[in-house]
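Work the whole structure out from these sequences, hints included.
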Amino acid sequence: GQNIDQPTEMTATEGAIVQINCTYQTSGFNGLFWYQQHAGEAPTFLSYNVLDGLEEKGRFSSFLSRSKGYSYLLLKELQMKDSASYLCAVRDGDYKLSFGAGTTVTVRA
Amino acid sequence: IAGITQAPTSQILAAGRRMTLRCTQDMRHNAMYWYRQDLGLGLRLIHYSNTAGTTGKGEVPDGYSVSRANTDDFPLTLASAVPSQTSVYFCASSSGTVGELFFGEGSRLTVL
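Just so you know, the protein sequences line up as chains V and W, in that order. Each residue of the first sequence is one higher than the one before, counting from 1 in the numbering used here. Each residue of the second sequence is one higher than the one before, counting from 110 in the numbering used here.
Hints in this document: simulated from the structure, not taken from any laboratory. Errors might be hidden in some of the hints.
[Stated by the list, open to error] Label pairs and their computed distance ranges (CB to CB):
1) W:Thr118 <-> V:Arg59: 40 to 50 Å
2) W:Ala116 <-> V:Arg59: 29 to 39 Å
3) V:Asn21 <-> W:Lys166: 29 to 39 Å
4) W:Asp135 <-> V:Pro7: 34 to 44 Å
5) W:Glu168 <-> V:Arg66: 15 to 25 Å
6) W:Leu150 <-> V:Thr44: 17 to 27 Å
7) V:Thr44 <-> W:Leu148: 30 to 40 Å
8) V:Asp52 <-> W:Ala116: 33 to 43 Å
[Unchecked claim] Stretches of chain W that chain V covers, calculated by requiring three or more beta carbons in the stretch to come under 8 Å of a beta carbon on chain V:
9) 148-158
10) 209-221
[To be verified] Among the chain V residues that face chain W by a calculated CB cut under 10 Å, a handful are:
11) Ile4
12) Pro7
13) Gly28
14) Asn30
15) Gly31
16) Tyr35
17) Gly40
18) Glu41
19) Tyr48
20) Val50
21) Gly53
22) Arg91
23) Ser98
24) Gly102
Fair warning: this is a prediction, and the values are worked out from it, not measured in the lab. Don't be surprised by glycine CBs; every beta carbon is placed ideally from N, CA and C.
Take a look at the structure:
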């Protein structure tokens, strides 16, 4: 199985930057994903890392270090609509995806 | 744009009853999954299917069964519901190089 850890909650101010860390232990590794989930809705795909380094997509960036079992999601220029849960997920050697419990980000005006 | 359709959206069920959650996708994705989401525990994989005709057990399969008779449909059955199966159930599918999951809108199940 997988062991995926991420903080439970984070709060930040509109316009600021927030970094959500994720550490994992996995049997085999075939990629790390970040999903966004607004309350009462389904998760939606944000980013994917399979090689070490930074992937940038507009205001969102995701970083991966496979040797450290570590990833982070960086949210820049925070907007009120970014208030949501952010889920870190790891795909194992059997190509099954396991999720962390999620980090609830609250953006304050 | 349909994507993945789940039914019912919400259901209250008496313990001991049999229940089937339906999931249909129109994206012709090979792989499909059922997850349950509980507060503080995140999404946990129940069963999955890599292609039509095959299924596999996830992290929490007990009390659930699935079938994959064709590419589009992946129903989840609770043979005899128990209160601990109260949860939000998400069906998902994936395909392609990245293989990101596309989720249905979820089915909220309450077992009393």
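Going through the hints against the structure:
1. W:Thr118 <-> V:Arg59: 40 to 50 Å: 32 Å Cβ-Cβ, so the 40 to 50 Å window is violated.
2. W:Ala116 <-> V:Arg59: 29 to 39 Å: Given range 29 to 39 Å: holds, Cβ gap about 35 Å.
3. V:Asn21 <-> W:Lys166: 29 to 39 Å: holds (31 Å)
4. W:Asp135 <-> V:Pro7: 34 to 44 Å: holds (37 Å)
5. W:Glu168 <-> V:Arg66: 15 to 25 Å: This hint holds: roughly 23 Å between Cβ atoms.
6. W:Leu150 <-> V:Thr44: 17 to 27 Å: Distance hint for W:Leu150, V:Thr44 holds at roughly 20 Å.
7. V:Thr44 <-> W:Leu148: 30 to 40 Å: violated (20 Å)
8. V:Asp52 <-> W:Ala116: 33 to 43 Å: For V:Asp52 and W:Ala116 the Cβ distance comes to about 42 Å; the hint holds.
9. 148-158: holds (count 7)
10. 209-221: Coverage by chain V holds for the segment 209-221 of chain W (7 residues, Cβ < 8 Å).
11. Ile4: holds (8 Å)
12. Pro7: Violated, about 13 Å.
13. Gly28: Constraint on V:Gly28 not satisfied, violated at 14 Å.
14. Asn30: Holds - the Cβ of V:Asn30 comes within 10 Å of chain W, reaching about 8 Å at its closest.
15. Gly31: Because about 7 Å separates V:Gly31 from the closest Cβ in chain W, which is inside the 10 Å limit, the hint holds.
16. Tyr35: At about 8 Å, which falls below the 10 Å cut-off, the nearest Cβ of chain W leaves the hint on V:Tyr35 intact, so it holds.
17. Gly40: holds (9 Å)
18. Glu41: holds (7 Å)
19. Tyr48: For V:Tyr48, the interface hint holds, since the closest Cβ of chain W sits about 5 Å away, which is under 10 Å.
20. Val50: Check passed: Cβ of V:Val50 comes within 8 Å of chain W, closer than 10 Å.
21. Gly53: Because about 16 Å separates V:Gly53 from the closest Cβ in chain W, which is outside the 10 Å limit, the hint is violated.
22. Arg91: At about 7 Å, which falls below the 10 Å cut-off, the nearest Cβ of chain W leaves the hint on V:Arg91 intact, so it holds.
23. Ser98: Holds, because the Cβ-Cβ distance from V:Ser98 to chain W comes to roughly 7 Å (cut-off 10 Å).
24. Gly102: Holds. Min distance 5 Å.
Hint compliance for this structure: hints 1, 7, 12, 13, 21 are broken, all remaining hints hold.
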